[in-house]
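Protein chains in written order, with this note's numbering: chain A, 1 to 323; chain B, 1001 to 1323; chain C, 2001 to 2323.
By construction, these hints were calculated from the structure, which means they are not laboratory data.
Backbone N, C-alpha and C fix where the C-beta goes; we use that ideal spot for every residue, glycine too.
It is possible that part of the hints are untrue.
Think about it this way: if two alpha-carbon atoms lie no more than 30 Å apart in a straight line, the pair counts; the simulated DSS-like pairs of lysine-lysine are [claimed, not checked]:
hint : chain 1 : residue 1 : chain 2 : residue 2
1    : A       : Lys75     : B       : Lys1294
2    : B       : Lys1075   : C       : Lys2299
3    : C       : Lys2075   : C       : Lys2089
4    : A       : Lys43     : C       : Lys2044
5    : B       : Lys1016   : A       : Lys124
6    : B       : Lys1172   : B       : Lys1100
7    : A       : Lys44     : C       : Lys2044
8    : C       : Lys2120   : B       : Lys1075
9    : B       : Lys1043   : A       : Lys43
10   : A       : Lys299    : B       : Lys1299
11   : A       : Lys144    : B       : Lys1034
12   : C       : Lys2245   : B       : Lys1301
13   : C       : Lys2110   : B       : Lys1294
14   : C       : Lys2016   : B       : Lys1245
15   : C       : Lys2100   : B       : Lys1146
16   : B       : Lys1294   : C       : Lys2299
17   : C       : Lys2075   : A       : Lys100
18   : A       : Lys301    : C       : Lys2110
19   : C       : Lys2044   : B       : Lys1120
20   : B       : Lys1110   : A       : Lys120
21   : B       : Lys1034   : A       : Lys44
22   : C       : Lys2146   : A       : Lys245
23   : C       : Lys2110   : C       : Lys2120
24   : B       : Lys1100   : B       : Lys1110
Covered stretches of chain A (chain C as the covering partner; in silico rule of three or more C-beta atoms under 8 Å from a C-beta of chain C) [unchecked claim]:
hint : stretch
25   : 85-92
26   : 168-180
27   : 196-202
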Amino acid sequence: MDYMVNRNNAIESEIKEIVNDILTDYRLERAVDKIDIFNQPDKKEVIDIVEGLLQIVYPGYYRDRAYKIYNFDNKLSVVVEDIMYHLNKQIALALRFENKEMPDDEIAQKSQEISIEFFKRIPKVREVLETDVEAAFNGDPATKYKEEIIMSYPGLYAITVNRLAHELFLLKVPLIPRIMTEHAHSITGIDIHPGATIGRYFFIDHGTGIVVGETAIIGDNVKIYQGVTIGALSTRDVAKLRTVKRHPTIMDNVTIYAGASILGGDTVIGKNSVIGGNVFITSSVPDDTRVNIKNPDLKFKRKSDSEEKIGELQQSAEWFYVI
Amino acid sequence: MDYMVNRNNAIESEIKEIVNDILTDYRLERAVDKIDIFNQPDKKEVIDIVEGLLQIVYPGYYRDRAYKIYNFDNKLSVVVEDIMYHLNKQIALALRFENKEMPDDEIAQKSQEISIEFFKRIPKVREVLETDVEAAFNGDPATKYKEEIIMSYPGLYAITVNRLAHELFLLKVPLIPRIMTEHAHSITGIDIHPGATIGRYFFIDHGTGIVVGETAIIGDNVKIYQGVTIGALSTRDVAKLRTVKRHPTIMDNVTIYAGASILGGDTVIGKNSVIGGNVFITSSVPDDTRVNIKNPDLKFKRKSDSEEKIGELQQSAEWFYVI
Amino acid sequence: MDYMVNRNNAIESEIKEIVNDILTDYRLERAVDKIDIFNQPDKKEVIDIVEGLLQIVYPGYYRDRAYKIYNFDNKLSVVVEDIMYHLNKQIALALRFENKEMPDDEIAQKSQEISIEFFKRIPKVREVLETDVEAAFNGDPATKYKEEIIMSYPGLYAITVNRLAHELFLLKVPLIPRIMTEHAHSITGIDIHPGATIGRYFFIDHGTGIVVGETAIIGDNVKIYQGVTIGALSTRDVAKLRTVKRHPTIMDNVTIYAGASILGGDTVIGKNSVIGGNVFITSSVPDDTRVNIKNPDLKFKRKSDSEEKIGELQQSAEWFYVI
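The following block holds chain A by itself, in its conformation from the complex (with noise of 0.2 Å):
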């Protein structure tokens, strides 16, 4: 029993020794030990953001549960003021956390006229989103409805998102756009920076592992598939880099398939054009062009012998419309 006892204390002493020692480290003042929580937003806050105003801009689909049963006008004047009521928070924490020296109710005012400004650009939005699920109804095979779209692609989710973020970066807004588009990141494994500048009728199909850039400009009625990387060319000085435009251009109507690379910012995809999978490309391609990795050499060898041929095989001359 005092054996017990003693074993005890000796975990007390333990744990308050260990709580010690983080406590010690926290005075560090390195970026990990940032505990000014109320001057910075709150991811989690972002996050129930984004999925309310999912609720407003699909109102058949993504609409809580609690929300059904009323009547529809007086509920959502009741969502959209509790929305805008924490968006605009957050917002005048991300105007806090940049301005450290703004007084208070200016700080309040910018907020509200932003989160003013964004929710009347809602409408604007979503006439786009139509454009992006039509865009996804015509291009997929494997869906008969516009509704199965809407309730479980990824694509649309991850565009639905990112236009929302956009909207919020074309206002300043510091850090929310981001919280915002890597929590769709997360989502649909489709990582569409913000700050990216995406035209009418846009189809992600599957979309895992899709990466595109900040300053990427991507025209109307472009498909794009799994794997697609819009991403810069890299050089040392990273600090130059944050003005300039790094990602490349994409006119209209261009599909590219899955796995394929287009870096630079100088990199400019004419319209009508097709980038065939896995094709890697740094340079800009005119309009109208297909291109495609020349058919690569394959080996084959027969388990049952030693022997081995190279050759192509006779691939399908279409073989780059990947979906």
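Following the hints, position chains B and C against chain A.
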């Protein structure tokens, strides 16, 4: 003070206007405006059903903490009845969605029959899942315990949800199977369409980025790795594609390494064949064949000098055996 | 009415039969039938522990909303004690799982010792995580704030969970480390085995699709991008592989661009080397070397005519610097 009152009034009237604009927007009768939520399945409910089914399929692993302390047999009855009740309701909504004119009692009877038939198939599904667990255990040197596979392997999670969704797909339930597999896709990065036909002893390693299409047929004892696509070749005529086999057939005992793409409805990979990493195939491969990319020329450049060598790395002859 | 009663009776007896069938099924003693849940860790509990540890590691970012308003030091004691209590319990279950015969008090003492030792290592882990934050900040032109990295970068989330899991792995805790890293895999698409040894200043950009194997050794100041595999070459003898180094060694200051695969336990990438996008390597590369794929021949085809040109795009010499 008066200023504040005026400002608050101004904000209130802004919000009123925003709500009105959004409500007006909802009346445009586009896909994004549908609010008829009672006539389609509820995504959150379907996800809850998936989690419930996992508790039944793997009674020791996914069981809700609440169920632990009760008498097991009695509890199972309650769980089965509960999940069947909810599934039944969602199936009814899905059937109603697809059959606007069907009488209520026909919907009720059909959904009841389907959910009973579905539950009857669970032992058969579990029998196949046991083979999947075994295949993972035999195929992965990084694990010592089957329990670890069931508890934490994303590949097993994806194939489990897929096998369950596939039964509902075969029973011609609309919408729900895809919601189920897209949930698994979100959790695992593995995108297998519920229509895909998959044999016993299926092993997915790592899994992120895998895409398996609706009409794919996969034999027994097949192994696939991260980033593999078993997909379609595209044509412009999407509507026509909705009714044909557009994804490959993979015969028994085939291994497909990371990043390989196999495409097209007429493509057959013969039994016992091995497809190397990153191989891109759009036509059939005979039985007992190893296919890999001829070692690509690589460029080497020492940072110290400006000269450049082009040549093959001395690569292992068996490099396509990637785990 | 009688008809309805009969029908309900029929359904009830169907459900009874289904439950019986499933219960019979559970008696087959396969891996899927295990219901001995008290002798193995609980996945949900482990995930809660991970989230709790993140609150301790990054006190300003992941802290539960409930903890915000209290005295910080006191609260930390409570949080540490709470998480240690739960971790202790889960470790005991994991030890019991692996050691069926070990006496209860030996299990209790060992798990207590391990969880105390684990918590003592947290300051050391935090010191390394600060270097990871710095590496991300210096490596990514798309961010202006370290706070943004901690709050929203999936790469930092993955390496944080991995460094914590790795300590438990070194302390020989079964099952739990892998549950932790598979949770991070599910959140981020980044699959790093808890056994991997990873140096300071590690930066993962974008990250979706990354796989790093159990016996990989990675030096300081290494950068890897989305879709990179640091994996094994396979042989048929899986059991034998369980005990050998089967994944590569990556020396200090190496950068590996998107989609590259580096494979095999004897493969060493020398210090300061750069591996280009999509490169596939199964043998060693000396120090200070840049490796990329020789520009592959691409096919260009104008849609307007039927002629086809084969040739190299005029690609940037530095195209392997992909961000």
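Consistency of the hints with the structure:
no.: 1; hint: A/Lys75 to B/Lys1294; result: violated, 63 Å
no.: 2; hint: B/Lys1075 to C/Lys2299; result: violated, 63 Å
no.: 3; hint: C/Lys2075 to C/Lys2089; result: holds, 21 Å
no.: 4; hint: A/Lys43 to C/Lys2044; result: holds, 21 Å
no.: 5; hint: B/Lys1016 to A/Lys124; result: holds, 17 Å
no.: 6; hint: B/Lys1172 to B/Lys1100; result: holds, 16 Å
no.: 7; hint: A/Lys44 to C/Lys2044; result: holds, 19 Å
no.: 8; hint: C/Lys2120 to B/Lys1075; result: violated, 42 Å
no.: 9; hint: B/Lys1043 to A/Lys43; result: holds, 24 Å
no.: 10; hint: A/Lys299 to B/Lys1299; result: holds, 21 Å
no.: 11; hint: A/Lys144 to B/Lys1034; result: holds, 16 Å
no.: 12; hint: C/Lys2245 to B/Lys1301; result: holds, 29 Å
no.: 13; hint: C/Lys2110 to B/Lys1294; result: violated, 53 Å
no.: 14; hint: C/Lys2016 to B/Lys1245; result: violated, 40 Å
no.: 15; hint: C/Lys2100 to B/Lys1146; result: holds, 16 Å
no.: 16; hint: B/Lys1294 to C/Lys2299; result: holds, 18 Å
no.: 17; hint: C/Lys2075 to A/Lys100; result: holds, 28 Å
no.: 18; hint: A/Lys301 to C/Lys2110; result: violated, 53 Å
no.: 19; hint: C/Lys2044 to B/Lys1120; result: holds, 29 Å
no.: 20; hint: B/Lys1110 to A/Lys120; result: violated, 45 Å
no.: 21; hint: B/Lys1034 to A/Lys44; result: holds, 28 Å
no.: 22; hint: C/Lys2146 to A/Lys245; result: holds, 22 Å
no.: 23; hint: C/Lys2110 to C/Lys2120; result: holds, 15 Å
no.: 24; hint: B/Lys1100 to B/Lys1110; result: holds, 14 Å
no.: 25; hint: 85-92; result: violated (count 0)
no.: 26; hint: 168-180; result: holds (count 4)
no.: 27; hint: 196-202; result: violated (count 0)
The structure does not agree with the numbered hints 1, 2, 8, 13, 14, 18, 20, 25, 27 stated previously, though it agrees with the rest.
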